[in-house]
Amino acid sequence: MKRDSRLSTLDSRHFFVPLIGAAILVAFTLVSLPWKENLFRRPRTIFDRSAASAVAPGYALVAAAVPLIPAGATVVVRTEPRDPIAETYYHRFADALLPGRRALPASFYGRFAPPEVFRDAAYVLIVGAKPAEPPGRLLLETPEGTVWETPPRR
Amino acid sequence: MTGLLWLASLLLVGLSGLPLLLHRAFAGYPLSTRLVLAGASGAALVSFAMTAAVLLGIPWNVPGLVAAGAVLAAGLRLFLKPALVFAADAPRPPEPGESPRVLAAAALSLIAVGAALGATFAGAATSPDLLFFWGPKAQQFALARTFDAAFMRDEFHQHMHAYYPPLVTNLGAFASMAAGRMSWTGATLTFPLLLVFLAAGLPGALADRLGRAHAAAIAALTIAVISCLGVEADIAGNGEMPLLLFETLAIALLISDAAAEPPTQLIAGILLAGAAATKVEGLPFTISAAALFFLARPRASRPFWPAAGRLILPAAVMLSAWFAFGASRRIFFGYSGYGTLFDLHLDHARVVLAAVGRSLSAAGHALPWLVPLGCVLAALPLTRRWILPVGTAAILTAFFLFTYIHRPEDPSLWISWSAARIFSPVAMLLALAASLGSRGEPRPASP
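Chain order of the listed sequences is C and S.
Residue numbers for the first sequence, in this note's numbering: 1209 to 1362.
Residue numbers for the second sequence, in this note's numbering: 506 to 952.
The following block holds chain C by itself, in its conformation from the complex (with noise of 0.2 Å):
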């Protein structure tokens, strides 16, 4: 009867360890979820709350822009100014975001590519502010960017 209590003390213990500690996680994720940035509102992008939020507008921008991009076509990604780092990831954004055409890169791994690897691009995307010189027409304005159509090269 002695054993048995002891072994009940101990399964309880077994029990509620792990079950506090489940608990204590529980508790500190519920707390550190967006509920200040309205937490059920639908975001506009899947980074919008997330530590790469600062990706978003480009994120934003790309896929806003594929109607307009044709299967085939030439598109490259700058921002406004010039950061050869959100080059670098919205480069990847372009070869996920617009599959069947060819995304160019303005920056690679951190630094920027020569001008004549994206100057035959024929779509430019421009993350940020529109920029002094237009490279082209403009296709659409957001509020993250503007999307052209360069002229065609001969």
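If you're looking for bench data, these hints aren't it; they were derived computationally from the structure.
Since the structure is predicted, the reported quantities are computational estimates derived from the model, not experimental observations.
One should not assume that every hint holds.
[Claimed, not checked] To be clear about the criterion: a stretch of chain C counts as covered by chain S if any three or more of its residues have a C-beta under 8 Å from a C-beta of chain S, and this derived list gives those stretches:
id : region
1  : 1222-1233
2  : 1236-1245
3  : 1293-1301
4  : 1312-1319
[What the hints assert, rightly or not] Heads up, simulated SDA-like pairs for lysine to any residue below, C-alpha to C-alpha not over 20 Å straight-line:
id : chain 1 : residue 1 : chain 2 : residue 2
5  : C       : Lys1338   : C       : Thr1358
6  : C       : Lys1244   : S       : Gly619
7  : C       : Lys1244   : S       : Ala579
8  : C       : Lys1338   : C       : Lys1244
Idealized CB from N, CA, C, for every residue including glycine.
Starting from the known structure of chain C, arrange chain S on it as the hints suggest.
Chain S in isolation, oriented as in the chain C frame:
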């Protein structure tokens, strides 16, 4: 709508695992555990079928892949003796007061899954790696109905790590073919989806040794650890959640009493193969878990060679097929490192340790590691089985530090965005190790 279809189509791979898990050898597991084990095994088998189809020059199609996975599962079933009676066949009668405890633990698991779901829906847990390489490769392979060698070789696609093992991109391509296109939201939702599967399957995998209440509490702790880490380290859409699903289920099976049975070892081997085919670090996990099983469970692992075959052969076959593809197309010949092997930069040791400490602290004040560690300490003394999860955690930690210290440049930035994610299996292993208290029973060690 496409997202739901994309996600739902992943359930099809579970069908492939059913021929194996319907064998009566697994009748001792609850239905939910059998279905989850079937799903995870099916995912690994379908992924292997996709790689094998590429090697054979057969274009992918969804029904054919499900059928191929099911044929593989049926073939593996032939290795199980028809008359085998599983040790856990006789269901354990419920103990007094057990049901409320089980319900309380299950409720915590569900809240943890709900938190993961909320964070993912809110765009608060998305991994950039989904857009950088997992998703684009899956999408392109779905369009090509095979591994697109030209895409993988492209000079502007070097960041997509062509050599990364194929399971995540294979299953993403599978779902994209079934749904008609890639769904980025659907891909992020694999985090809560696989977490709820784990919450449903894990208690039954642990219950034969622990009883239902204790198993449910350990499962709740494990689910809470993964949920917290996933939200803090942004793992939605990348390879971490599938990796954790395979690894958690494999270790849960290998520390259970049923691990002495060949069918359980076979399923554990398929799950370890799934881990090895998911991420690079799945391979050291698989090797150390299999090796430590023999050390932690000497009696359960006899006879040695058949048990070793069941645990290691599935991973060896799956990775061999992947490397055969890479070598035959001259794209890769193995895993790429970050420098010459054993050319360590020990002068970075202090920087590496400090950066890892900062990264883990930034992920929920390191609670996902500290809380299960506290539970392990509270469960002392442990049975000999502790060698398996704790030893694997130690070997993984050494592997990660070795990898970080390899890089000639200062690895601080790299560590800052990777350490919390890649150390997540260590936290999971500690949570499972917390189940190994010797319970004060005078039972002889049954390793």
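Next on the checklist: If you test the structure against every hint from before, which numbers come out violated?
Outcome noted: Checked against the structure, the hints that fail are numbers 7, 8, while the rest are satisfied.
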